[in-house]
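Number of protein chains: 2
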Amino acid sequence: MTGVGSAEAPIGVFDSGLGGLTVLRALHELLPGEDLVYFGDTARVPYGTKGEKTVRAFAQQDAGLLVTRGVKMVVVACNTASAFALDYLREILPVPVLGVINPGVRTALASTRGGAVGVIGTSGTIRSLKYQAGLAAAGLSEGQIVAQECPLFVPLMEEGLHAHRMTELAIEEYLEPLRAAQVDTLILGCTHYPLLKAEIAEFMGPDVQLVDSANALAVAAQDRLGELGLLRADATAGREGELSFLLSDIPWKFQEIGARFLGKPIENMKTVGLDEMEEAGHAMEQL
Amino acid sequence: MTGVGSAEAPIGVFDSGLGGLTVLRALHELLPGEDLVYFGDTARVPYGTKGEKTVRAFAQQDAGLLVTRGVKMVVVACNTASAFALDYLREILPVPVLGVINPGVRTALASTRGGAVGVIGTSGTIRSLKYQAGLAAAGLSEGQIVAQECPLFVPLMEEGLHAHRMTELAIEEYLEPLRAAQVDTLILGCTHYPLLKAEIAEFMGPDVQLVDSANALAVAAQDRLGELGLLRADATAGREGELSFLLSDIPWKFQEIGARFLGKPIENMKTVGLDEMEEAGHAMEQL
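Chains as they are written, first to last, in the numbering used here: chain G, 1 to 287; chain X, 1 to 287.
Treat the hints as calculated values from the structure; they're not laboratory data.
Idealized CB from N, CA, C, for every residue including glycine.
Among the hints, a few may not be true.
[Said to hold, decoys possible] Listed next, with one range per pair, are the computed distances between beta-carbon atoms:
id, chain 1, residue 1, chain 2, residue 2, range
1, G, 7, X, 133, 17 to 25 Å
2, G, 94, X, 201, 39 to 47 Å
3, X, 179, G, 269, 38 to 46 Å
4, G, 259, X, 223, 44 to 52 Å
5, G, 244, X, 53, 15 to 23 Å
6, X, 179, G, 141, 46 to 54 Å
7, G, 259, X, 168, 54 to 62 Å
8, X, 165, G, 181, 16 to 24 Å
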């Protein structure tokens with residue numbers, strides 16, 4: 001495991017698919033000198049409709065793959081995996097692990113003006129109750145927390161249906177209860193949703209603050225690496241960090257969708273087979 | 001491998017998820033005395049958005065799991081897996097393998113009145129060109145074959161959005177080109193689509209024959225087992241065959257969605273872990 005614990009090692013980021021590229025993008029903007037390795041489990045996406053045990057087994061393989069690549073930190077850029085597997089990954093991995101839920105909760109708490117806070121996500125994320133528990137722990141009452149599953153947002157975004165009537169209908173259907181509850185802050189609790197930010201903002205109105213945890217997560221990663229003395233010393237000297245991409249499958253619309261999430265075309269891409277995923281998962285059991 | 005090649009062995013059926021239950025239902029209705037084992041790869045569903053190599057690796061594990069359960073035949077009740085993996089499975093499996101595409105093509109050819117034939121399916125199925133090749137091999141010209149990807153039908157059906165405005169919009173968007181081409185026959189090239197049959201029939205009009213390959217596949221299975229002397233001798237004596245279900249994940253809405261596809265509640269259900277899937281896949285390499 002070359003490089004584990006070394007400041008020169010890359011930061012690892014994984015997601016169920018391509019949505020986590022929004023997190024990679026935020027990390028690259030905040031820490032441009034750091035090398036970043038992304039793994040997207042495109043062969044088994046989505047995670048948000050699946051059960052806890054399954055998501056935990058997948059997350060072990062995903063994180064394991066990054067650890068065997070020598071990363072100095074694992075960033076779980078998937079809300080469902082953060083909800084179901086973060087504590088477990090912290091137990092088994094030899095490197096620090098950051099999830100996407102706590103940074104989102106903290107940003108929402110800083111944003112709310114005493115009204116209600118909404119959170120939207122996959123079925124798995126919302127039913128895990130992790131966001132709700134985080135908000136309640138900070139003192140919000142039950143009536144101040146409004147959670148809503150939005151299962152069709154992921155396939156709509158993967159089909160690239162922005163500004164499409166179907167997407168408008170889905171927004172109306174899912175977000176009307178949040179608008180009616182007059183939330184003042186809305187957590188976009190899925191890495192796919194930042195792509196819908198403009199449409200959601202228009203529907204919710206200008207008084208509702210949208211929280212995209214990508215930026216908060218990037219700040220949390222910077223803080224944590226700083227505490228551990230693991231930030232690259234040469235990162236401030238104009239070094240351009242390397243981005244590399246591992247995927248378990250090449251989706252039909254990979255280049256198009258990937259570029260939309262990342263904000264530029266994806267280069268340095270390799271695929272990872274089922275066998276390698278299995279080995280990476282088992283390797284984490286033997287640490 | 002107890003029971004392989006024995007008439008008393010069950011028939012194995014697999015699909016990426018729960019859609020193949022429509023095929024299981026047709027088999028059970030035609031061959032009520034036969035035992036049936038269903039495997040749904042609910043942990044990795046959908047297959048229709050994923051690449052050939054990935055689908056083939058998954059199909060090897062799925063079929064392997066059924067073979068290690070001693071089935072006398074494997075029915076691939078998934079159009080995408082039939083498109084990408086049928087020839088491969090026939091090479092590696094020790095039992096006969098039936099796919100869903102040829103029965104669908106044959107039924108469509110028997111139904112068409114010399115006009116155009118339409119086929120709808122997942123991105124993977126349509127881009128594999130298997131349906132188009134099957135229709136062309138029977139003499140249809142390029143202009144008589146109209147193929148259309150319908151990627152949102154699967155998530156819409158998994159969310160149970162029948163008679164919903166979003167589903168109406170998706171039908172309009174996907175099927176308008178087929179209506180404009182005046183197809184006289186339309187193949188429902190995905191096991192999820194029979195759930196939408198009424199809505200599709202209404203949109204396409206009474207002159208368009210809809211082909212659901214579940215029934216044609218059940219007849220093909222009966223014929224093939226008959227030829228091989230593998231039909232149960234006691235099946236005609238009022239024996240009620242046993243249905244059992246294996247799933248790699250329990251979806252959030254499992255009972256509700258499962259019953260909708262199967263036509264009755266699902267009993268005898270067991271989950272299968274990633275480890276067992278891996279072993280089943282590797283076992284097929286060693287045959």
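Exercise for the section: Please test the hint of 46 to 54 Å on the beta carbon pair from residue 179/X and residue 141/G. Expected result: holds, 53 Å
Problem - Distance restraint evaluation - residue 259/G, residue 168/X, Cβ atoms, bounds 54 to 62 Å - result: violated, 32 Å
Practice task
Starting from the hint 44 to 52 Å, judge whether the C-beta atoms of residue 259/G and residue 223/X obey it.
Solution key: holds, 49 Å
Problem - Cβ separation of residue 7/G and residue 133/X, checked against the hinted range 17 to 25 Å - result: violated, 55 Å
Exercise for the section: Confirm or reject the claim that residue 179/X and residue 269/G have a C-beta distance inside 38 to 46 Å. Expected result: holds, 39 Å
Practice task
Evaluate the given range 39 to 47 Å for the C-beta pair formed by residue 94/G and residue 201/X.
Solution key: violated, 58 Å
Handout entry: residue 244/G versus residue 53/X beta-carbon gap, inside 15 to 23 Å or not
Key = holds, 20 Å
Exercise for the section: Check the following: the C-beta atoms of residue 165/X and residue 181/G are separated by a distance inside 16 to 24 Å. Expected result: Because 23 Å falls inside the window, the suggested range holds.
The structure fails hints 1, 2, 7 (numbered hints given earlier, in ascending order).
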